[in-house]
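Engineer: One letter stands for each residue in the lines below.
Protein chains: 2
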Amino acid sequence: MGALHQGHLSLVRQAAAENDRVFVSVYVNPTQFGVNEDLGSYPKTWDKDIAMLRQLSSDLKETSGHEGAIDAIFAPTTKSMYPTLPPDSSLSGTGSFVNITPLGNLLEGKSRPVFFRGVATVCMKLFNIVQPTRVYFGQKDVQQTVIIKRMVRDFHLDTEVRVIPTEREKDDGLAMSSRNVYLGDRRRRVGIVLYQALQAAEAAYRMGMRRREEVLAFAWEVANRTSAAQDEHGVEERARFEVDYISLADPETLEEVHIVNEAKGAVLSGAIKMLPLESVRAGERLGMGGDEVAVRLIDNIVLAPRPT
Amino acid sequence: MGALHQGHLSLVRQAAAENDRVFVSVYVNPTQFGVNEDLGSYPKTWDKDIAMLRQLSSDLKETSGHEGAIDAIFAPTTKSMYPTLPPDSSLSGTGSFVNITPLGNLLEGKSRPVFFRGVATVCMKLFNIVQPTRVYFGQKDVQQTVIIKRMVRDFHLDTEVRVIPTEREKDDGLAMSSRNVYLGDRRRRVGIVLYQALQAAEAAYRMGMRRREEVLAFAWEVANRTSAAQDEHGVEERARFEVDYISLADPETLEEVHIVNEAKGAVLSGAIKMLPLESVRAGERLGMGGDEVAVRLIDNIVLAPRPT
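Heads up: the sequence lines are chains A and B, in that order.
1 is the number of the first residue of the first sequence in the numbering used here; add one for each residue after it.
1 is the number of the first residue of the second sequence in the numbering used here; add one for each residue after it.
Rather than coming from a laboratory, the hints here were simulated on the basis of the structure.
Hints are supplied without guarantee of correctness; some may be wrong.
Because identical chains share one entry, a pair is satisfied inside a single copy or across any pair of copies.
Mimicking DSS-like on lysine-lysine, the simulated pairs with C-alpha atoms at most 30 Å apart in a straight line are [as the list claims (entries may be wrong)]: (1) Lys-264 / Lys-79; (2) Lys-79 / Lys-273; (3) Lys-61 / Lys-264; (4) Lys-44 / Lys-264; (5) Lys-48 / Lys-110; (6) Lys-149 / Lys-79; (7) Lys-170 / Lys-48; (8) Lys-149 / Lys-44; (9) Lys-273 / Lys-48; (10) Lys-110 / Lys-61; (11) Lys-44 / Lys-273; (12) Lys-149 / Lys-273; (13) Lys-48 / Lys-264.
Could you build the full structure based on these sequences and the hints that come with them?
Structural biologist: Here it is as structure tokens:
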């Protein structure tokens, strides 16, 4: 989807380490934006993206010889990807679509009902065009990885889905995201709350808790405390947020689990909405767009199954 | 879908003539039957199907040497085709599906709303498993051919869709169909009305008519006259039918056309329902099921574009 960051580059690096040829697709897919979501404002950073990929390819050539560099960037037109009908993002929209349900309707799909239809559809097309031995996705978009794996299995696609760990900021572990550029210093500092909440729940799991309420109580404790602390600050100090969901789900079906089955593990995930700043201080370092628009952040931690 | 007849065999013959290897799939796909359609009563004729294919393969070997014989019959289990969730035929059903709209909602799709979702989904799976250079479909199911072509184009599937002319009964030209076995002599004789109606409309087109009302009036004239003639017979003589639709449509979009564009041509198609016999005569030759169940028949004629 462009707007490349270190998370994307880590996928390319991993692909280069495991394969003789590497293709990178850069395509802002219109069908995964809802009719009320702003495709137009999605950051388009083509020149910077290409420069980053060129640099990475050159680095990879040095470290690994010819093998492992980027062989091609696939940046199709929308007319190539949607050759017969104009892409349609309405829920009842016309077109040729892949639907993976109920997986696509849970979690992120609740607030973005056409999102995973668009993702599955465009990935099916990409896979058919490139016919890759392996495809690389980031762990950060955990629901996407589960849906792509399901699609590959159900449609007997001849490719291996590789899921690469989430790249995180060095200082506090905030998950890298194209959206982080919208966070000025103040929202950036508070935005880590989601990861901290998930880490608290993970710690509870590691301490031996298995019941949903017990595990998630730790996450909610972090979220609620942080929220209350922000409320106590004045409008020039605080960055408020809303929790969209905190989920403890089965790793294959993404259905909420009541007691974690250690043989299967679980996925802890969440989404928060960083609200626009209520008042900006003189000289404050702001994000792209001046921190005037809400920014949705997602993150997750996999609770690995116990080795048998 | 099994229940093989000469129409299916003509597909295999054509495939054998054009390719080195031929795979035949035999699979009664549950997701293309609606929840109120009876998957259970669909004719299952496995032993006869295999015998027909063996005989054909042996004939092909004699006429063409090794090349062209049937290399494999692919007859998967439903657990292979739908590996994660049980197949669901409800309109809002869960699963991994390909939807091709609006094509799948027109004509046959109006009375069978999940039908083409099931067809597109199972064909996508089959194509991914077999990875065929060419796939063979019968002209008789014209909407299916248009939808498969659209799917191949929109999803960039690397296969060529070959459409083979409809096989017809020698005596009167009734399109071969697995459902014809349900027609006893009486319904069989009247069932030809659909093809006759389409032929009348084709004749009008050949005479130079291009306007929808003009062309279709010829088809309706045949249908209405035949229907009126049946009404005049007694219940022991007649075989009544209902016309579901008679369509004059664009060959790529299947949208109804008002004036045929000679550069594109058009598709004349229709569906009728042969109603159960009202009263059976002693000694009358009945179809499978005793002519007690309505039988839906479809047919079509392509009005080819004028050579440029």
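Engineer: Run every hint past the structure and note whether it holds.
Structural biologist: Comparing the hints with the structure gives:
For the identical chains of this complex, Lys-264 and Lys-79 are inter-copy neighbours only, at 22 Å across copies versus 42 Å inside a copy, given an alpha-carbon limit of 30 Å. Taking identical chains as interchangeable, the C-alpha atoms of Lys-79 and Lys-273 are never at most 30 Å apart, the minima being 34 Å within one chain and 41 Å between chains. With identical chains, the CA atoms of Lys-61 and Lys-264 are never at most 30 Å apart, being 39 Å at best within one copy and 52 Å at best between copies. When the C-alpha separation of Lys-44 and Lys-264 is checked against a cutoff of 30 Å, the pair qualifies neither within a copy, at 39 Å, nor between copies, at 40 Å.
Taking the closest pair of Cα atoms, Lys-48 and Lys-110 never come within 30 Å of each other, the shortest separation being 33 Å inside a single copy and 49 Å across copies. For the homomeric pair Lys-149 and Lys-79, the shortest alpha-carbon distances inside one copy (27 Å) and between copies (17 Å) are both at most 30 Å. Proximity of Lys-170 and Lys-48 under a CA criterion of 30 Å is satisfied intra-copy only: 22 Å inside one chain copy versus 68 Å between copies. With identical chains, the CA atoms of Lys-149 and Lys-44 are at most 30 Å apart within one copy only, with a shortest distance of 28 Å there and 34 Å across copies.
Proximity of Lys-273 and Lys-48 under a CA criterion of 30 Å is satisfied intra-copy only: 27 Å inside one chain copy versus 62 Å between copies. In this assembly of identical chains, Lys-110 and Lys-61 lie within 30 Å of each other by CA distance neither inside one copy nor across copies; the values are 43 Å within and 57 Å between. Taking CA atoms no more than 30 Å apart as the test, Lys-44 paired with Lys-273 passes inside one copy only; the shortest distance there is 22 Å, against 55 Å between copies. In the homo-oligomer, the alpha carbons of Lys-149 and Lys-273 lie at most 30 Å apart inside one protomer (28 Å), although the nearest pairing across protomers, at 43 Å, exceeds that limit.
Taking the closest pair of Cα atoms, Lys-48 and Lys-264 never come within 30 Å of each other, the shortest separation being 41 Å inside a single copy and 45 Å across copies.
In this structure, the earlier hints numbered 2, 3, 4, 5, 10, 13 are contradicted, and the remaining ones agree with it.
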